[in-house]
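Undergrad: Those sequence lines, one after another, are chains A and B. Residue numbers for the first sequence follow our numbering, beginning at 1345 and rising by one. Residue numbers for the second sequence follow our numbering, beginning at 443 and rising by one.
Derived by calculation from the structure, the hints in this document are not laboratory data. Fair warning: this is a prediction, and the values are worked out from it, not measured in the lab. All C-beta atoms in this analysis are idealised placements derived from N, C-alpha and C, irrespective of residue type, glycine included. Just so you know, not all the hints are guaranteed correct.
[Claimed, not checked] So these bits of chain A aren't anywhere near chain B, every CB distance computed over 10 Å:
no., residue
1, D1432
2, S1543
3, E1602
[Stated by the list, open to error] With a Cα cut of at most 25 Å, we get these calculated DSS-like pairs of lysine-lysine:
no., chain 1, residue 1, chain 2, residue 2
4, A, K1477, A, K1423
5, A, K1488, A, K1477
6, A, K1396, B, K648
7, A, K1492, A, K1477
8, B, K648, A, K1477
9, B, K648, A, K1488
[What the hints assert, rightly or not] With the Cβ distance kept under 7 Å, some of the chain B side facing chain A (calculated, not the full set):
no., residue
10, Q622
11, L634
12, P638
13, M642
14, S707
15, H742
16, A743
17, E744
Below, each chain spelled out in residue letters.
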Amino acid sequence: MSPALASTPTTPAQWPEAVDLTTRPVALRTCDLTLGFGSRTVLQGVNLGFPKGTVTALIGPTGSGKTTLLRSLNRMNDKVPKHWHQGDVLLDGQSIFAPGVQLMALRRRVGMVFQRPNPFPMSIADNVLAGVKAHRIASRQHHKAIVKARLSEVGLLDAVSDRLGSSPFTLSGGQQQLLCLARALAVGPDVLLLDEPTSSLDPISTEHIESLLRALVPALTIVIVTHNLAQARRVADQTAFFYQGRLVEAAPTARLFEEPSEPETARYVSGRMG
Amino acid sequence: MASPAATSLSGAGAREPLDLYGRPPWRRRAADRAGWAACLLALALMGAPLVSVLWGVVGRALPGWRWDVLWQPATSQGGGLGSEILGTLVIVAGVVVVAGTVGIGSGIFLSEYASGMAGSVLRAGSEVLAGIPSIVLGYVGYLALVIGLHWQFSLGAALLTLSVLTAPYIAKSTEAALRQVPTSYREGADALGMAPLHAMRRITLKAALPGVVTGLLIAVAIAIGETAPLLYTAGFTDNLPSLRWAHNPVGYLTYAVWTFYNQPSNVFQDLSFDAALVLVVMVLVLIAVSRAVVARAGRHAERN
Ligand SMILES: Nc1ncnc2c1ncn2[C@@H]1O[C@H](COP(=O)(O)OP(=O)(O)OP(=O)(O)O)[C@@H](O)[C@H]1O
Ligand SMILES: [Mg+2]
């Protein structure tokens, strides 16, 4: 195993048993969320709660609106031309679209990791600190410790400890993704949104990120878009199946895969669609 | 019936195996060579005047070169170029500050905030400004500043006029460079909740720096090399630039090149070539410095 992955926090065998989703408060909830771009409606009346301290996987065929939903949870769609929405998204019961809501504060609480790793053109250490500096979270003398802590949390420290000052583009794609994860974690979010974070990674890095996600709950609430059904089964407490812009079914992961209540879900999870 | 394309695709077995050592047909080789020749010719056409200028200037200036030309003030007997060099440096520094601020600011505005009508109008305006002949701008500067504001021929008038002349270039290249910055950087910054200005300073502008510096470089090269607008605004003097920036004329190198060359005395003609050499060296140093700046800023850039 590569040194980067040596500090894997937990192994699949130790993952917690299914949590009772119904007894948990929700961190984030979409209320009848309908949205689109121009004349196109991309999401139709989505009602979905994300219980605090759990992992929710969003699955569904290409173009079913998973990314769009994820991006509306921290209002990343705001800047997209011709974007409109109806309905609401509640963070701890409060609308994220309410007039007084500060986008910067919202996004500090609801962090995001993109499908393609996107480190900034600055040193590896500065990448981890980008958000910390932007929000003045810690004073200068703590920066070094933060870099070390975050990098070791994502299991990247050993691989990069001797080149914290060099360019992040010298890292492998998987390492870049871990760096982006460390960067997102460094501002201390409550919710973490991940869009196919492992789609370009090898199985070992993928397993590593999955274990990391399990280690991050219940401190964080995690939403992950994935095309990898096995991954959803491995990491998610709850899985939501999307089809053509509608939420077809959301249920505890084991139940969604083993006893889906909708025929589309059954066809998709059994590999006959998608 | 199979189409010809389908036949050639599916019928790979019927084809001769590709000979790795076979030379391409002569037509393709000829076209290739002609293309290279055309590029070389273009390069030569561009390089020849440069070499000739360098040769002429260096060849004439070096033999009688005196280092004290760099700081001696001019006298009626000849002297040096001290005040002209200082004048040019001060003008250039001023243009970097004034045109740099205005130009980079406008570039940021154009790329990040000005969309639709407002953006098009501003962009068109900036292009028109860039297209106005410099001597016209010089005259406008003269009317507005020297006459209108009752300044005299001065550093201030020269500086502002040159800044108006050069700011559009800086704005244009800044805007173009900012538009090249990958969306993923901006989205990454947004997703961290960075304040827009913070993201601009730390990420977007930094990624766009090579383009911004190119714009600055063009602007400074213009500021160093322009003469026409300065005739109307800077005046000329052998004295060092003074603190009375709106009221005292200022000397500059291009003027020295031009006037001294037309003097009957050999001493002055030599000075004219010295001034030209100093100008050339200044531009070269400038290019080297800006390269170093860009290289340093880009040491963490993608595609290194
Ligand atoms: N900016 C946009 N303008 C117009 N249509 C868009 C825009 N963004 C997304 N869409 C459309 O919305 C639909 C859902 O897209 P989305 O990216 O959410 O799908 P997805 O489920 O993430 O698919 P994938 O699994 O391929 O990533 C698609 O049909 C897409 O074409
Ligand atoms: Mg997607």
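Undergrad: Does each hint fit the structure? Answer for all of them.
TA: How the hints compare with the structure:
1. Distance check on D1432 (chain A): its Cβ is at least 20 Å (rounded) from any Cβ of chain B, clearing the 10 Å threshold; non-interface status holds.
2. Under the 10 Å C-beta cut-off, the non-interface status given to S1543 (chain A) relative to chain B holds; the minimum distance is some 15 Å.
3. Against the 10 Å criterion, E1602 (chain A) stays outside the reach of chain B, whose nearest CB is about 35 Å from its own CB.
4. The straight-line distance between the Cα atoms of K1477 (chain A) and K1423 (chain A) is roughly 24 Å, inside the 25 Å bound, and the hint therefore holds.
5. Between K1488 (chain A) and K1477 (chain A) the CA atoms are separated by roughly 12 Å; this keeps the pair inside 25 Å, and the hint holds.
6. Under the criterion of a C-alpha separation no larger than 25 Å, the hint pairing K1396 (chain A) with K648 (chain B) is inconsistent with the structure, at around 38 Å.
7. For the suggested pair K1492 (chain A) and K1477 (chain A), the alpha carbons sit about 16 Å apart, so the restraint of at most 25 Å is met.
8. Taking the CA atoms of K648 (chain B) and K1477 (chain A), the gap is about 16 Å. The hint holds against a cut of 25 Å.
9. For the hint linking K648 (chain B) to K1488 (chain A), the alpha-carbon distance of about 23 Å falls within 25 Å, and the restraint holds.
10. A cut of 7 Å between beta carbons decides the hint on Q622 (chain B): the least distance to chain A is about 12 Å, and the hint is violated.
11. Because the smallest distance between the Cβ of L634 (chain B) and any Cβ of chain A comes to about 4 Å, under 7 Å, the interface hint for this residue holds.
12. For P638 (chain B), the interface hint is violated, since its Cβ never comes within 7 Å of a Cβ in chain A; the closest pair sits about 9 Å apart.
13. Because the smallest distance between the Cβ of M642 (chain B) and any Cβ of chain A comes to about 12 Å, over 7 Å, the interface hint for this residue is violated.
14. About 56 Å separates the beta-carbon of S707 (chain B) from the nearest beta-carbon of chain A, more than 7 Å, and the hint is not met.
15. Satisfaction of the interface hint for H742 (chain B) is found here, the shortest Cβ-Cβ separation to chain A being roughly 4 Å, below the 7 Å cut-off.
16. The interface hint given for A743 (chain B) holds, since its Cβ lies 5 Å from the closest Cβ of chain A, which is under the 7 Å cut-off.
17. Of the supplied interface hints, the one on E744 (chain B) holds, with its beta-carbon coming within about 5 Å of a beta-carbon of chain A, less than 7 Å.
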